[in-house]
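We have chain A; now place chain B onto it with these hints.
Here the protein sequences come in this chain order: A and B. When we follow the working numbering, the leftmost residue of the first sequence carries the number 615, and every step to the right adds one. When we follow the working numbering, the leftmost residue of the second sequence carries the number -6, and every step to the right adds one.
Hints are supplied without guarantee of correctness; some may be wrong.
Partial pick of chain B residues on the chain A-facing surface, computed with a CB cut under 8 Å [to be verified]: (1) Leu5; (2) Asn7; (3) Leu47; (4) Gly277; (5) Asn278; (6) Thr310; (7) Ile313; (8) Pro315; (9) Arg319.
Label-pair distances were calculated between CB atoms; the ranges are [unchecked claim]: (10) A:Arg622 / B:Ala39: 20 to 30 Å; (11) A:Arg622 / B:Ala225: 44 to 54 Å; (12) B:Asp308 / A:Ile630: 18 to 28 Å; (13) B:Gln229 / A:Arg622: 45 to 55 Å; (14) B:Asp72 / A:Arg622: 32 to 42 Å; (15) A:Glu635 / B:His230: 47 to 57 Å; (16) A:Lys625 / B:Glu110: 30 to 40 Å; (17) A:Ile630 / B:Tyr178: 50 to 60 Å; (18) A:Asp632 / B:Ile86: 30 to 40 Å.
Subject to a maximum C-alpha distance of 27 Å in a straight line, what follows is the list of computed DSS-like cross-link-like pairs (lysine-lysine) [stated by the list, open to error]: (19) B:Lys35 / A:Lys625; (20) A:Lys625 / B:Lys45; (21) B:Lys103 / B:Lys45.
In case anyone wonders, no lab produced these hints; they're calculated from the structure. Even glycine gets a Cβ: it sits at the ideal position worked out from N, Cα and C.
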Amino acid sequence: MGDKFEIRFDKLGNVIIDDPELQKRLKYVLELHGELVLRMKNLPPGFQVVLPQPQPLPFPRPKPPNPADCPMVMCDPCGKIRLINDRAHDERWQGIDGGPGGMHGGPGGTHGSPGEL
Amino acid sequence: MQANEDALARALSNSILGLTLMPTEACNFRCTYCYEDFALGKMSPAVVRGVKNLIAARAPTLNELYLAWFGGEPLLALDVVLEVQEHVRELQIAHPGLYDHASMTTNAWKLGPAVFERLVGLGVGQYQISFDGPAAIHDTKRKRMDGKPTFARIWDNVLAMRGVDRDFSVILRLHVDRENLDAMYGFVDQIHEAFGDDPRFEIFLKTLSRYGGPNDASLPVLEGDEDARRFARLQQHAHGRVAPAGIRGDTRSRAPSPARARPLQGTAPVTGKRSPTTCYAAKGNSYVVRSDGRLCKCTVILDHPSNTVGRLHEDGTVEIDPALARPWMRGLWSGDAGELACPMLGLI
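So that you can see chain A by itself, here it is in the shape it has in the complex (with noise of 0.2 Å):
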């Protein structure tokens, strides 16, 4: 963005920005702000609100992440690709693997006996 940009008015003194980045910034920070104010509104009277620093913004925007930090991991029995410490998942597969506990392997291991993987 260059040192300056463009702005308009529209007939109810609505503020017109034409270059799509700076709308795009001033779209998250306004999200922010706006969950503040609500905040704000349902506050008794006599408590302040004191104003975090705004949050780095999301540009550029970051890396996609690596897929070796992925918390995603195949469930063998099933297929299906499941979050690692998904309790719901595992107990639906209770007792397939076998191992302690019938789960998806015991105390250190996953889809195994005892730390075996």
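Here is chain B on its own, set in the frame of chain A:
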């Protein structure tokens, strides 16, 4: 973009609207330092309808509406204030998400208990009331149009506000100059004695400034390092005396030199350390509505050609010339603290 992102977003947001309304530009006072010419009188019914129609048209998409009643003396047009505030109250029923904050800069001459309670009930919750020192000094500077004194009645009205069990705040603005600085110590103590236990009241020490009035050349403004030290000592005294409500100081750390004695923005300066103050004139979503319907940016240089950027029509629509409005907003993208705090400087 160098400006604070949050300030920039708020200054350009269409969910926020700030209107400084001048229901009349007439005044019943003739303060010796005043810069206004009182040429325009009461806001016409067509302009009042324009204000109401504009707010109604914007209300569905507004989150925050800031109305600042200014003048002239706004309470000389109390009916206009009440009409607009009642209109906002009705709009809030239809649009519960609309947060309204209304303030008033008034000389408090007509701010008796009945008027005050009615205004507070309609959401005018913040007041700025000026004194020029204790009665003996105040009455030589802050006089009625007929030259008669004003202190006693203002003081009584402010004292009566204490007894109102409502949520409001009052900034007692004390104009400090070379002539009254020493007497301000005692006046600060007087205020502390009267309001020190009520956190709704606070003091704002403001150095007297030359804002372009006919008596500017003879105003005893604080100048130079020694005056700056005297003012700083007064601030320290006030800090120690007005604990519950707090004390506001002038934005300047030094008194202005004659060459720099230019108008500074009249908005309430801040206490403590914050990000740079952004004057309402620097924002894209804030306007001064003069009593004749002109849309301006600044309340100090009212009639300067660069100040008028558009017009409000009776149906609530506005015409704003972006080429005229943009120079006022230049601090938003320059990030310059001076241009944000007082964009008027450099334009005139």
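A quick look at each hint next to the structure:
Because the smallest distance between the Cβ of B:Leu5 and any Cβ of chain A comes to about 5 Å, under 8 Å, the interface hint for this residue holds. For B:Asn7, the suggested interface contact is upheld, since its CB lies about 4 Å from the closest CB of chain A, less than 8 Å. Proximity of B:Leu47 to chain A holds as hinted, the smallest CB-CB distance being about 7 Å (cut-off 8 Å). Below 8 Å, beta-carbon pairs count as interface contacts, and B:Gly277 has one with chain A at about 4 Å; its hint therefore holds.
For B:Asn278, the interface hint holds, the least distance from its beta-carbon to any beta-carbon of chain A being 6 Å, beneath 8 Å. Given the 8 Å rule on beta carbons, the hint for B:Thr310 holds: about 4 Å separates it from the nearest Cβ of chain A. With a cut of 8 Å, the hint placing B:Ile313 at the interface with chain A holds, because the nearest CB-to-CB distance is about 4 Å. At about 5 Å, the closest approach between the beta carbon of B:Pro315 and any beta carbon in chain A falls short of 8 Å, and the interface hint on this residue holds.
Taking 8 Å as the C-beta contact cut-off toward chain A, the hint placing B:Arg319 at the interface holds, the least distance being around 6 Å. The hinted window of 20 to 30 Å between A:Arg622 and B:Ala39 holds, with their beta carbons roughly 26 Å apart. A C-beta distance of roughly 45 Å is found between A:Arg622 and B:Ala225, which places it inside the suggested range of 44 to 54 Å. Between B:Asp308 and A:Ile630 the C-beta distance comes to about 20 Å, which sits within the given range of 18 to 28 Å.
Range check, B:Gln229 to A:Arg622: Cβ separation about 48 Å, and the 45 to 55 Å hint holds. Checking the proposed 32 to 42 Å range against B:Asp72 and A:Arg622 shows it holds: the Cβ atoms sit about 36 Å from each other. Restraint check, A:Glu635 to B:His230: a C-beta distance of roughly 50 Å satisfies the suggested window 47 to 57 Å. Distance hint check: the CB atoms of A:Lys625 and B:Glu110 are about 38 Å apart, consistent with the given range 30 to 40 Å.
Range check, A:Ile630 to B:Tyr178: Cβ separation about 52 Å, and the 50 to 60 Å hint holds. For A:Asp632 and B:Ile86, the hinted distance range of 30 to 40 Å is satisfied, since their beta carbons lie about 36 Å from each other. Among the hinted pairs, B:Lys35 with A:Lys625 is consistent with the structure: their alpha-carbon atoms are about 25 Å apart, no more than 27 Å. With a C-alpha separation of about 15 Å, the suggested pairing of A:Lys625 with B:Lys45 holds against the 27 Å cut-off.
Distance check on the hinted pair: B:Lys103 and B:Lys45 sit about 24 Å apart at the alpha-carbon level, within 27 Å; holds.
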